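Please build the complex by placing chains B, C and D on the supplied structure of chain A, with the hints as guidance.
Protein chains: 4
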Amino acid sequence: MREEFSWPVRVYWEDTDAGGIVFYANYLRYFERARTEWLRAMGLEQSALRESSGGIFVVSEANLRYHQPARLDDELIVTVLPLEIGRASLTIQQQAWRKGRSGNALLCAAQVRVGWVDAGSYRPARMPPTILELLK
Amino acid sequence: MREEFSWPVRVYWEDTDAGGIVFYANYLRYFERARTEWLRAMGLEQSALRESSGGIFVVSEANLRYHQPARLDDELIVTVLPLEIGRASLTIQQQAWRKGRSGNALLCAAQVRVGWVDAGSYRPARMPPTILELLK
Amino acid sequence: MREEFSWPVRVYWEDTDAGGIVFYANYLRYFERARTEWLRAMGLEQSALRESSGGIFVVSEANLRYHQPARLDDELIVTVLPLEIGRASLTIQQQAWRKGRSGNALLCAAQVRVGWVDAGSYRPARMPPTILELLK
Amino acid sequence: MREEFSWPVRVYWEDTDAGGIVFYANYLRYFERARTEWLRAMGLEQSALRESSGGIFVVSEANLRYHQPARLDDELIVTVLPLEIGRASLTIQQQAWRKGRSGNALLCAAQVRVGWVDAGSYRPARMPPTILELLK
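Residue numbers (the numbering used here), protein chains in the order written: chain A, 927 to 1062; chain B, 927 to 1062; chain C, 927 to 1062; chain D, 927 to 1062.
Keep in mind that the hints were calculated from the coordinates and are not lab data.
From a predicted model like this one, the values you see are computed outputs, not experimental measurements.
Accuracy of the hints is not assured; some may be wrong.
Going by beta-carbon spacing under 7 Å, a handful of chain A positions derived as facing chain B [claimed, not checked]: (1) Tyr938; (2) Glu940; (3) Glu971; (4) Ser973; (5) Gln994; (6) Leu998; (7) Asp999.
The C-beta atom is built at its ideal place from N, Cα and C for all residues, glycine as well.
In isolation and in its complexed conformation, chain A is listed as follows (with noise of 0.2 Å):
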């Protein structure tokens, strides 16, 4: 699965602000989506994978870049790609393009970094084996 996974998201008023585009945090809520589709896509649900195992996966850093802003209605195309993948943690490269008649253009790329953690006390732990070979 290191292959790069498409997610397509659509803007609803609800993720826009006054500027009349989208409020730049929302991208974090697209690529979540997109990774949490990109687990399940794998066969990994995240809510079965923390009553099984007590583990979740956390975001510990992301590094965002914005180059073009999205409006209401727009089409994106939110992209999965992993870079790193260790025994605690992940590192996934992920994009945000919006749709378009003469090509796709490039929203937000971002670099993000996810844990996998103790559900209860937040502490760093080691990914089940079941996860890590499927990411492998």
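Relative to chain A, chains B, C and D alone:
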């Protein structure tokens, strides 16, 4: 278009709160997405409508009843059923259901009143005839 | 504590939408903040209540009327007035006003019903007597 | 105004997620509130600036490190420290701390780059001299 329209919604981390369930204000977001897609299914895109007519839809009333909570990873079905279509406003019945193997469960039911206003002054205005014809 | 309680709220970019106004779902957030601070003013902190009693408040009904829009940088006053206090639920009247030099303007009025439930099962439960006494 | 500015933020239900902690995207909201209040403390109100100059600030980069989670009812202190002030953009260091009896704990640290753009075209522009003077 007086039949019921349905739109699927998935519950992500962004939607939940520390009670482990979907934060109740977020049903208004889900209902908005479903209304937007209901309009789009009729060929009405709100950003284009605003540019061509200078008007937008705004919510003037919302009455919500919460029945059961939704949780992370739940698949919901959100419905739109117009109850009354006037010259300046619509009354719409909306419901959010959780899809389940043994049938769907009603989570939240709402009646939402949406008015048509001038996008600059926010004063009530008459809907463009093209919208009215599509809605009726 | 049957008098009206007030809590100030400032409108930030995060609160607005592409209509240039506060996204209507956000009044539920403002009302929640005011209810939380109303409880805190009585010495009730919800996270502590949950740990000591195993119960939490959940919204079971919300009826909202939108009168005027709020905009970026507006200063709002959000009120809490308990109308009915039962053993398992409260009915609360809430309003959001915009502060202005020539008087305040009513933006949104709501009636919110809040029930007490077990934090695990979300089943209705009787409020701990300490809460009831403080509320009455 | 090159000193550190601080702004208090309280954690409400709306801020949390099903992990029982503040949803990580919300730190961008907290940082935005603090920057807005930092500008306001200098006499700069963004809605008035936009009307008078036709320009707005937009975030062009955000680099976030998450250290510890915040929980419901926590009291946070959010800081603003300008690192670089250019003609078209600012680089700002921001931190969110949890207030505690035995000292404060760093929850999230960020470096945020904010550019000045034309509010219509979103093209980079030079900041009005009045802003630059206040910032320097």
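Now the hints, each set against the structure:
1. Tyr938: Hint holds; Tyr938 of chain A Cβ to chain B Cβ min 5 Å, cut 7 Å.
2. Glu940: holds (5 Å)
3. Glu971: holds (5 Å)
4. Ser973: holds (4 Å)
5. Gln994: Violated - the Cβ of Gln994 of chain A stays beyond 7 Å from chain B, reaching only about 16 Å at its closest.
6. Leu998: holds (5 Å)
7. Asp999: Nearest chain B Cβ about 4 Å off; hint holds.
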